[in-house]
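Using the sequences and the accompanying hints, generate a full structural model.
2 protein chains.
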Amino acid sequence: MTREEMIETYRQWVFRMSAYQMALSIIEIDRSTVAPPAGASYRDERSAYLAGEAYSIMMDPKMLEIVNILKEDEQVDPVVRRGCQLYAIRLGNSLSFPKEKFVAQSMLFNQAYDAWLKAKQNNDYSIFEPYLKKIIESRREEYSCRNSDLPLYDQMLQDYEPGMTTEKYDAFFSAVTDRLVPLIHKVTEAEQIDNSFLHQEYPIEGQKKFMEHLLSYLHFDPSWGYQNETEHPFTSWTCQNDCRTTTKYIHDDVSSAILSTIHEAGHAWYQHNIDPAFDGMILSDGVSCGMHESQSRLLENHLGRSVSFWKANYPVLQEIFPSQLKDVTLDQFVAAINVAEPSLVRTEADELTYPLHIAIRYEIEKGLFNGTISTEHLDETWNAMYEKYLGVKAEQASMGILQDVHWSSGSFGYFPTYALGSAYAAQFVHTMEQQIPVHTLLEENRFDEIEAWLKENIHRHGCYLQPQDILKQATGEGADVHYYLDYLCDKYTKLYDLRGE
Amino acid sequence: MTREEMIETYRQWVFRMSAYQMALSIIEIDRSTVAPPAGASYRDERSAYLAGEAYSIMMDPKMLEIVNILKEDEQVDPVVRRGCQLYAIRLGNSLSFPKEKFVAQSMLFNQAYDAWLKAKQNNDYSIFEPYLKKIIESRREEYSCRNSDLPLYDQMLQDYEPGMTTEKYDAFFSAVTDRLVPLIHKVTEAEQIDNSFLHQEYPIEGQKKFMEHLLSYLHFDPSWGYQNETEHPFTSWTCQNDCRTTTKYIHDDVSSAILSTIHEAGHAWYQHNIDPAFDGMILSDGVSCGMHESQSRLLENHLGRSVSFWKANYPVLQEIFPSQLKDVTLDQFVAAINVAEPSLVRTEADELTYPLHIAIRYEIEKGLFNGTISTEHLDETWNAMYEKYLGVKAEQASMGILQDVHWSSGSFGYFPTYALGSAYAAQFVHTMEQQIPVHTLLEENRFDEIEAWLKENIHRHGCYLQPQDILKQATGEGADVHYYLDYLCDKYTKLYDLRGE
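In the order they appear, the protein sequences are chains L and H. With this note's numbering, letter number 17 in the first sequence gets 3, and the count goes up by one each step, no holes. With this note's numbering, letter number 314 in the second sequence gets 300, and the count goes up by one each step, no holes.
Mixed in with the good hints, there may be bad ones.
Treat identical chains as interchangeable: a pair holds within one or across any two.
What the hints assert, rightly or not - Calculated cross-link-like contacts (lysine-lysine; reagent style BS3-like; alpha-carbon spacing at most 27 Å): (1) LYS480 x LYS104; (2) LYS379 x LYS119; (3) LYS441 x LYS374; (4) LYS234 x LYS48; (5) LYS297 x LYS480; (6) LYS85 x LYS48; (7) LYS195 x LYS480; (8) LYS48 x LYS154.
Hints are computed from structural coordinates only; laboratory data are not their basis.
This is how it looks when you write it as structure tokens:
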């Protein structure tokens, strides 16, 4: 086969995979938003079959040969070469896991999702436990087919964040808890900030109206993006010009939908800004989960909880909810949406306690895979850790171990990237603020100029660069957690007036 | 291959096709409801590819051999045998149309849909015309690959309604126009019924609230059905337990969403009630488009526009819209939603003029395929026919030739089934009223008993029986248009007090 023939074969192969990937994404979006539950088993069997077809296409040993040749060939377009490098890793990792096992695993994930949903609705961990156990066994078996010397959980961590290991995460979480746990104690003991006005009745229709304004302020464009409602907010996409976000409206908590909308818009912008030349290819995703999360957390926390952001947007919110907010000043509102208070649900956690929610999940995942924690009574383990780290206790499993969907799809090693992403975000913001007048831009409705900085420095690269390279290019240095911790300490010391203590 | 091996091969083949079919349905539902437009070309290319994969699986010549054997084998389960009969027809018809042509055609349909949408939004037929022309050429080429002695348009008619021909439809439409055109003239000249109160401002939120009530009255269950919003109401499904309907809310026309909701619920009930043993198989669709339409028209017109239906539901509507409806009596409301008035848009047409909208499309389709009508200036031809049949003229193409989506997907021969279905509906109702107390059941919130009659006599059979057999079993005779015409004449003579004339 000539080089040109190999490249053409590669392109067709990528196209075929992208078609299945698109179908599976849309089925997944549909399932998470509107699909009727009674159709689940029919749907699950068939989407597992289609996932298997995509797997068969990907696992073609001839393609491993081709990508191994192309990835080394200096004459080949660098975009194709980089794609081939990434596929070589993925195929090399998975080639010995047989298709039947893969399809059975997909089916298991589908069934586990349905079981998780039912368990959550019924507040009954025992409905989900047998599935969780099987998922862990299935993941063990899958990873045992890989040719790697790394411990199992380290392999999982690498899949979500290239370059990360248990050792590095241990150091990361230890730095985080060392500085944040005492800070949280101080905050808890300080004079509390009134945020009760956020918890009045806020009719959903008004919230939706504000979200339209907010999406428009964020230049989230209906021609390439669509926001839906779901139980558990997420962002999904099929290509650069088709990014879907979801949010959840809570009638007596106006900040929940606002902050999740800003958060998911961060993910959507990342996908939308990736170099169009990468569309449909393995390069067209965010480079890692941590990097993706950095973009959503950057928007949500560093921009979306700032005074300058709300200088532009608070008047609109006040206009929609005059009776609820007429006596609330801008500063009172911004203070209220920054309140830190240990709580049970990660997705509704404040910025300060958030990484501890992650630290708990990280500890549990490590334990599940090194054999020190079992799925049996894991709800109790969960509750005990929440008491230890955050001093709160879930009365209901739906607010405890069943709150998150991730484990139902076998996503272990994913959670830690949420905290890592927050740290990346702080580091990016530190540099960005030196280069562009971020807060003036926010005040002046010029979000597009912030987005242009993010596109240039982070988004456009897709998977073309590694996370470390992106950090280095954008900030001039490698990952450093101190930006994150300094930022939080500084912010919450001021907010709760802790300087004197 | 033994019989058992053939049956197993057949079952696996059916399962694989059903997986692609499900994916394509969900992609289509997504596209018609929420998918961002800028992603269209990416999506279109890939869904055409997947449609091609499904086509490849179906067009396996070995499977034609197997279904041809199984369909004749008396030892084989009758459900499998009937499925094989239907597949034998479908494969026999399509086997010589090459896959590349099929994929190109799918792609053309996808592009034509996008062009149609743009043309409609811009009121510009010239945007859509080149696609319509290509679609007709593509269909001509496709049908020329079939081994049939029937004229092209007759073959198309058969695909949507087995047993129907141009000759039969000519007779049908001639009977319809002969009796209805004079009746419509009389109605137009009679004293008009006030329906202006239907066109006040009806806030969408209130309409949505009423639709929730209505769906519940119709026992449309969120566990197996979901109603969404769209520009053009439709019903779609992936299996018996996953049926999706859509409706369109118009702020100054309260009856539009109500009647389309009832209409689409009729389609959804048909699919939901099909024998579960048929799920995923070719048998699991309604037997024909006419039969499907009979179920939606039956609910919409015979039940949904009746006094007894509104005895149960009008108080709820009045409660939601007190200022709009407090002075409107039940009888005034029911008369208003039955008003007949020649108009431009088929989906919003009244029951009496509706079949003339269909007669126009039938005449145009016949002309397009026998060469007497061309796509060029078809907008003008369309307008001229609307003036001739209904005395109305479209000022805008979006209200004229661009109003319907069907031709963008090459669906020629489909429209006539809408009128035929209305005739089937009248015939079913005639029998049903002799067997169960339909109007008492409606008044007493016992819709489930009506649905049980429809299930027993029509729905459950899926494609196991032919339309004629279903009619015969349910009503004791073959299709007879006089029930429909008698019903309309009787109804509108009374409503407009035409007896004296």
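Evaluated hints:
{"no.": "1", "hint": "LYS480 x LYS104", "result": "neither (43 Å within a copy, 54 Å between copies)"}
{"no.": "2", "hint": "LYS379 x LYS119", "result": "within (24 Å within a copy, 67 Å between copies)"}
{"no.": "3", "hint": "LYS441 x LYS374", "result": "neither (40 Å within a copy, 58 Å between copies)"}
{"no.": "4", "hint": "LYS234 x LYS48", "result": "neither (45 Å within a copy, 50 Å between copies)"}
{"no.": "5", "hint": "LYS297 x LYS480", "result": "within (19 Å within a copy, 65 Å between copies)"}
{"no.": "6", "hint": "LYS85 x LYS48", "result": "both (16 Å within a copy, 25 Å between copies)"}
{"no.": "7", "hint": "LYS195 x LYS480", "result": "neither (33 Å within a copy, 47 Å between copies)"}
{"no.": "8", "hint": "LYS48 x LYS154", "result": "neither (36 Å within a copy, 57 Å between copies)"}
The structure shown violates the earlier hints numbered 1, 3, 4, 7 and 8.
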